[in-house]
Each structure stands twice: as structure tokens, then as C-alpha cells.
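Number of protein chains: 2
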Amino acid sequence: MTRISFHEMHDTIKSAFLLAGMPEGKANICARIHTETSRDGVYSHGLNRVERFVEYLNKNWVDANGEPNLESALGAMEIFNGNLGPGVLNSLFAMDRSIGLAAELGYGIVSMRNSTHWMRGGTYGWQAAERGFAAICWTNTESCMPAWGSKSECIGNNPFIMAIPRNEGPLVLDMAMSLYSYGRLQVTRLKNQKLPYPGGYDKEGNLTDKPGDIEETRRLLPTGYWKGSGFAVMLDLFSAMLSGGLTTSGVDNAGKGNCGRNNQVFIAFDPHKLNAPEFLEQAINETIAQLKSSIPAYEGGEILYPGEQSMKIRKENNELGIPVDDGVWMRVKELAGR
Amino acid sequence: MTRISFHEMHDTIKSAFLLAGMPEGKANICARIHTETSRDGVYSHGLNRVERFVEYLNKNWVDANGEPNLESALGAMEIFNGNLGPGVLNSLFAMDRSIGLAAELGYGIVSMRNSTHWMRGGTYGWQAAERGFAAICWTNTESCMPAWGSKSECIGNNPFIMAIPRNEGPLVLDMAMSLYSYGRLQVTRLKNQKLPYPGGYDKEGNLTDKPGDIEETRRLLPTGYWKGSGFAVMLDLFSAMLSGGLTTSGVDNAGKGNCGRNNQVFIAFDPHKLNAPEFLEQAINETIAQLKSSIPAYEGGEILYPGEQSMKIRKENNELGIPVDDGVWMRVKELAGR
Numbered sequence: 000m001t002r003i004s005f006h007e008m009h010d011t012i013k014s015a016f017l018l019a020g021m022p023e024g025k026a027n028i029c030a031r032i033h034t035e036t037s038r039d040g041v042y043s044h045g046l047n048r049v050e051r052f053v054e055y056l057n058k059n060w061v062d063a064n065g066e067p068n069l070e071s072a073l074g075a076m077e078i079f080n081g082n083l084g085p086g087v088l089n090s091l092f093a094m095d096r097s098i099g100l101a102a103e104l105g106y107g108i109v110s111m112r113n114s115t116h117w118m119r120g121g122t123y124g125w126q127a128a129e130r131g132f133a134a135i136c137w138t139n140t141e142s143c144m145p146a147w148g149s150k151s152e153c154i155g156n157n158p159f160i161m162a163i164p165r166n167e168g169p170l171v172l173d174m175a176m177s178l179y180s181y182g183r184l185q186v187t188r189l190k191n192q193k194l195p196y197p198g199g200y201d202k203e204g205n206l207t208d209k210p211g212d213i214e215e216t217r218r219l220l221p222t223g224y225w226k227g228s229g230f231a232v233m234l235d236l237f238s239a240m241l242s243g244g245l246t247t248s249g250v251d252n253a254g255k256g257n258c259g260r261n262n263q264v265f266i267a268f269d270p271h272k273l274n275a276p277e278f279l280e281q282a283i284n285e286t287i288a289q290l291k292s293s294i295p296a297y298e299g300g301e302i303l304y305p306g307e308q309s310m311k312i313r314k315e316n317n318e319l320g321i322p323v324d325d326g327v328w329m330r331v332k333e334l335a336g337r
Numbered sequence: 000m001t002r003i004s005f006h007e008m009h010d011t012i013k014s015a016f017l018l019a020g021m022p023e024g025k026a027n028i029c030a031r032i033h034t035e036t037s038r039d040g041v042y043s044h045g046l047n048r049v050e051r052f053v054e055y056l057n058k059n060w061v062d063a064n065g066e067p068n069l070e071s072a073l074g075a076m077e078i079f080n081g082n083l084g085p086g087v088l089n090s091l092f093a094m095d096r097s098i099g100l101a102a103e104l105g106y107g108i109v110s111m112r113n114s115t116h117w118m119r120g121g122t123y124g125w126q127a128a129e130r131g132f133a134a135i136c137w138t139n140t141e142s143c144m145p146a147w148g149s150k151s152e153c154i155g156n157n158p159f160i161m162a163i164p165r166n167e168g169p170l171v172l173d174m175a176m177s178l179y180s181y182g183r184l185q186v187t188r189l190k191n192q193k194l195p196y197p198g199g200y201d202k203e204g205n206l207t208d209k210p211g212d213i214e215e216t217r218r219l220l221p222t223g224y225w226k227g228s229g230f231a232v233m234l235d236l237f238s239a240m241l242s243g244g245l246t247t248s249g250v251d252n253a254g255k256g257n258c259g260r261n262n263q264v265f266i267a268f269d270p271h272k273l274n275a276p277e278f279l280e281q282a283i284n285e286t287i288a289q290l291k292s293s294i295p296a297y298e299g300g301e302i303l304y305p306g307e308q309s310m311k312i313r314k315e316n317n318e319l320g321i322p323v324d325d326g327v328w329m330r331v332k333e334l335a336g337r
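Chains as they are written, first to last, in numbering that gives the first Met the number 0: chain Z, 0 to 337; chain B, 0 to 337.
Any given hint could be a false lead.
Since copy identity is lost for identical chains, a pair holds within one copy or between any two.
What the hints assert, rightly or not - When the alpha-carbon atoms are kept at most 25 Å apart in a straight line, the in silico BS3-like pairs for lysine-lysine are as follows:
1. Lys202 with Lys291
2. Lys150 with Lys209
3. Lys311 with Lys150
4. Lys58 with Lys255
5. Lys291 with Lys150
6. Lys291 with Lys209
7. Lys255 with Lys291
8. Lys332 with Lys58
9. Lys209 with Lys272
10. Lys193 with Lys272
11. Lys58 with Lys311
12. Lys291 with Lys314
13. Lys255 with Lys272
14. Lys202 with Lys255
15. Lys150 with Lys255
16. Lys311 with Lys209
17. Lys209 with Lys190
18. Lys311 with Lys190
Keep in mind the hints are simulated off the structure, nothing from the lab.
Given the sequences, and given the hints that come with them, work out the whole structure.
What follows is the structure in C-alpha cells.
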């Protein structure tokens, strides 16, 4: 396995984005986010997603120069139009604004309509928590999964993120409403492995742990069966309500394939304004202690809190370099003109 | 199967609560909520939960006269102390207050610490949506489920609710972080049936769909495996942060068995303040149309939106009477002195 330094990966991705027509400052930030995403172990939305993002730029599905503008404000709530700018930049902006509102008022509720793919949702949870703010954010997507009871794609996988700050490192939950992503199915299939748990249906309509069979039917299983399906529908409707933007059905009608014109919601809280942050620190540490002192399901097993695994991978990849798929790395280097 | 009219059930439960020492007005409201809960098909938290609630009153785990008081306010956010009053009354009050804030400011964020079991979480989603408000609410609980990777109870099942208003009837999602409740396991076991999907682990540590085997190990499966486990942890920490109250670990330490001293969070939005409610109505109806026009997994199958099943059961039970377990009904009649 090849490992690449953070600096080299960042620099290479940045060159690819510059060549695709992004301005210097924006290319720099987007390249950093893709690199951090791979560094934290979410390879599918880091380096591996660079080529597809360049394709979005080339097809004008994403406007490299698009910037958010304020559409309306209501106290601690603000609604922006993302103008099809890069979803990563729109989302960093929106979470930053939500943090600003929270610092002033205790909480901020910022929504962004008419945006584009925000890549790894966890990015914005880490963004808030590393600055000492708690956050909830989610996005809607084009349809990529059958609803419960259905066998054709009709709902999004609408990732949902919760993050909370802590001196020793934040807790960050980042979960999509499909149990597994297509990226995970592909990686598992290429290794000739099975999924740990059934992740969708085969063409006979039976639940299966064979990734290739699910890729064939496109019948992804919602997280928690009927629950993730219903949660996806509600996240979609809330994002449309809070942003005045398109639902999954509207995003589908605007043209499937690029997740364009979707919406994101960013809610931030300032623990300093809510009650003593020491209280929160203690509550978190007691909770982690309760998790860690429970009985492992398997001998020697470890009970992790949300985000703990990401922090371990981050540390390892910072020390050893970020693992890459050689083919993907070659392709990004080509896009960077190297 | 015996069916009881709404009026008779309400009247009987009210008598039981009066005999247990509740004041007239409070007994009336609590009895109505338990009856509505059974009427909507959530039998486990309706009539079937009356005896246990009476036990809570008798043991002074719930203070029949406890009333919430405002602890602090920050614009659209208010924190109340529930003073161990009936969780149903505390929660109706808090959602009502959140709706009031939303009507004035666009959104309301109300938290209630030091409360007690709120029974069916969906109650407060329906409460908001039937008055034209969108809502998100959740509660923490004492620990009742192993975290992912653990085999001993260390996290709550922390039900989470999202509701959105609609002219033809609201959409309401009401989901706990355990795939099945103990109530569901019991009902399934008594019918000598299996669960539709594996719902926990047997004593060999294997996933099983046999409810009795799970009741024995108390190893409930989190909704969506690692996802529901992480979501439960974050909901717990957010409820403590937003209310200044106890986490699941704190509730456990305060004395397990009654879910006392837990916290609830109630967020409401007024669609009229956010953007045209006609927009929301159209977005919801397009989304439902997309669900309904997808291909059913089984011939003749139906794809339901969140809350649709409850509305069907409500209609049927309003017309035919509310089905009861004869033993449970007898016992509640005894508690009512009949």
C-alpha cells in the first residue's frame, strides 16, 4: 500500500482543481478538505472523489465561482442561496456563519439551498466541534435508495451529523441513511469480501451480504430498515422547509447524477452560552467512562465513542502518510498535470 | 379481541390516576394521552403502561403535583426544571412553549431537565404538527441497551421524533434507538412468533430473531447496528447539554428502574415564518407522490410515509373501538376501582 504525505496530496489535488478552473484560494480550501477527508479514513469522499468533482466542474454542474448570498434572516436563523457553488465551500461558509450566530446568541440555524454535493458531511461537524461548538447538520441528496417497502430508488441517503466539543477531542457522529454507501459496496466487492451485515437485496428480493448483488439491483438497505427510510424522508422535508429549496424529488427532476440544487442545514450551539462548559465536559467524560467500562461483546474488544475511530486513523495517517489506491492516485496526478 | 370506546378507556384510566392521587385536571390530561396512544396503535405506551405509571406515582418516583419552572432563557431558547412531575405533562407544556416561541420568533428550543418518562414520544410530534408547526424532539433514558461492541447495558434507547404539518394530515417519525422495544419482544414471544428481522443477540452471542432469547441476554440490537448506538450517545449528550440535566449515565446513577431525572428537548418551527406554507405543502405532496409511485417490493405492497400507518390505525380504532388485552384491561379497571 502506497502512503502519500498530507502536503503532497494537498498540493496535487490543488493543482488538479486549479487546472479545472478553480480560483487559487478556493482550490486550496477544497483540496485541503478532500485531503483531510482521506486522512481521516473516509477515502471514498477524499482523494477518490477528486476525479468526479473535476467532472462536475467541467460539466458546469458546479460553478467554481458561485458564492452564497443571504436570502432571508430571522434572528438566529439565516437562509442562503448557494448559487451552485462548490458544496464544500458553501458548507464551510454556512457552518462558520452558524457558529458566528451561536457565539452571539447561543444558537444558530443556517440553511443553504441551491447548493451542490458537500462531500464528507463529518467535515462540518469537526469544523464546529474543533472550535468549541456543538453542531447538528444534514444534507438532502438526489434519490439513491428505495424507501422501505419499495424496490426502486425514491429517497436520498441524506447524511446526518452530530458533533460535540471536548477538551480531549470531539465526539462526531456522521451517518448516512443507507446502511452502506456504493463506495463501500465497491471496495468490498473488489476485495472479494462480504459485507459484515446484509446491506441490500439481490434480484430474488432476498437480503444479501454480497456487495455485487446489491450493486446490480440498486436496492440498498436503509439504516435500521423502516427507521432510516422514514428518517431520510423527514430530513429531506426539513431541509426543504428550512431552506426554501428543493426536496429529493425536486433534485431528481432538476436532473439526476450530480446531486446539484440540494440543500443543507447547519445548527450550532455555544456550550458557553448554554451552561458551564465544565458541566458538559464532565457529562461527556462520564458517558465515555460508562461506555468504556461496559463488557465487550468479544474478548479484547473495545467500545468506541462516535469519532474515536476517525481520530485514531487521523493520527496514524498523519504519522505514516495517507494510504491511496495506486490507480486513483495516478489519475489525480494526471488531472494535476504531473 | 375486545375493543373499548375512547370515552370508556379515557374515563377508566382517569379514575385510576385519580385514585393514585393525581389532581383532577392532570389525571384527565394524562388519561387522554394514554388513551390516544393506544388509539394510535402504540399499545405498549398507552393502556399497557397505565399500571406501571401508577406504580411510579405510588413509589413517589413521579410527583403528581410537580410542575415545571423556568430555569433560564436565551431568546428563543428556554430551559425548564421538570421537578419530577409527570413526564407527559412536562412534555406537553414544553412543546406548547416551544410552539409559542416559534409562533413569535420562527423557532423555539425548549429543554426540560429533571423530568420523568414521557411515555410515547410521538405524542409531542403530533401535538406540534396538528397545530401547524414542524417539530423535532427527543428524550434520553436510563440505559437499556448495550452500545455497539458491548454486551452490557450502557446506553439509552433515546426516542427521536420529527413531525411536519400538512393539510391532509401530518408526517410524524417516532423511532427509538433500539430496533425493537422490550414491549415488542414480549408481544411477539407471547404469540410464539419470530421478529421480522434479528433484534438482538442470544447467549451464544449470535444475532437472533427469537424474542425470548434476547429478553434473556438483554442484548437489544441498536437500530442500524453501530449507527443507532452512536446516535443514542449523541442524543443523550445533546439533551444534557441543552437542558443542563443528567446524561444516561447520571440517570443510571440516580437509581435505575424508572427513567426519572431524565431530559427532553423540544424544537419547533413555524412554517409561516420560514417561507410560504404553500411551498412546504407542495414539497411534501411531491415527496409523497414520489414514494407512492415507486415500485413496491412485493406485489400489491404499499409504500407508506412516516405517520401514515398511525393515521390508519387511529381511524380504524376511532370507528371500531380500541383493542385491548383483556388481562391488562381488567387490571386497569381494578386500579380504577371498578
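Hints, verified against the model:
1. Lys202 with Lys291: For Lys202 and Lys291, the Cα distance is within 25 Å only across copies (22 Å; inside one copy 41 Å).
2. Lys150 with Lys209: Result: close within a single copy only, 17 Å intra versus 27 Å inter.
3. Lys311 with Lys150: Cα proximity of Lys311 and Lys150: across copies only (23 Å, versus 38 Å in one copy).
4. Lys58 with Lys255: Classified as within: same-chain Cα gap 13 Å, cross-chain 59 Å, threshold 25 Å.
5. Lys291 with Lys150: between (40 Å within a copy, 12 Å between copies)
6. Lys291 with Lys209: Neither: 33 Å inside a chain and 29 Å across chains, both beyond 25 Å.
7. Lys255 with Lys291: Close across copies (19 Å), not inside one copy (44 Å); limit 25 Å.
8. Lys332 with Lys58: This pair counts as within: shortest intra-copy Cα distance 20 Å, inter-copy 70 Å.
9. Lys209 with Lys272: Neither: 49 Å inside a chain and 48 Å across chains, both beyond 25 Å.
10. Lys193 with Lys272: neither (47 Å within a copy, 49 Å between copies)
11. Lys58 with Lys311: neither (37 Å within a copy, 47 Å between copies)
12. Lys291 with Lys314: within (20 Å within a copy, 47 Å between copies)
13. Lys255 with Lys272: neither (42 Å within a copy, 31 Å between copies)
14. Lys202 with Lys255: within (24 Å within a copy, 47 Å between copies)
15. Lys150 with Lys255: Answer is within: at 18 Å inside a copy they meet the 25 Å cutoff, but 43 Å across does not.
16. Lys311 with Lys209: neither (29 Å within a copy, 37 Å between copies)
17. Lys209 with Lys190: Close inside one copy (12 Å), not across copies (33 Å); limit 25 Å.
18. Lys311 with Lys190: Classified as within: same-chain Cα gap 23 Å, cross-chain 46 Å, threshold 25 Å.
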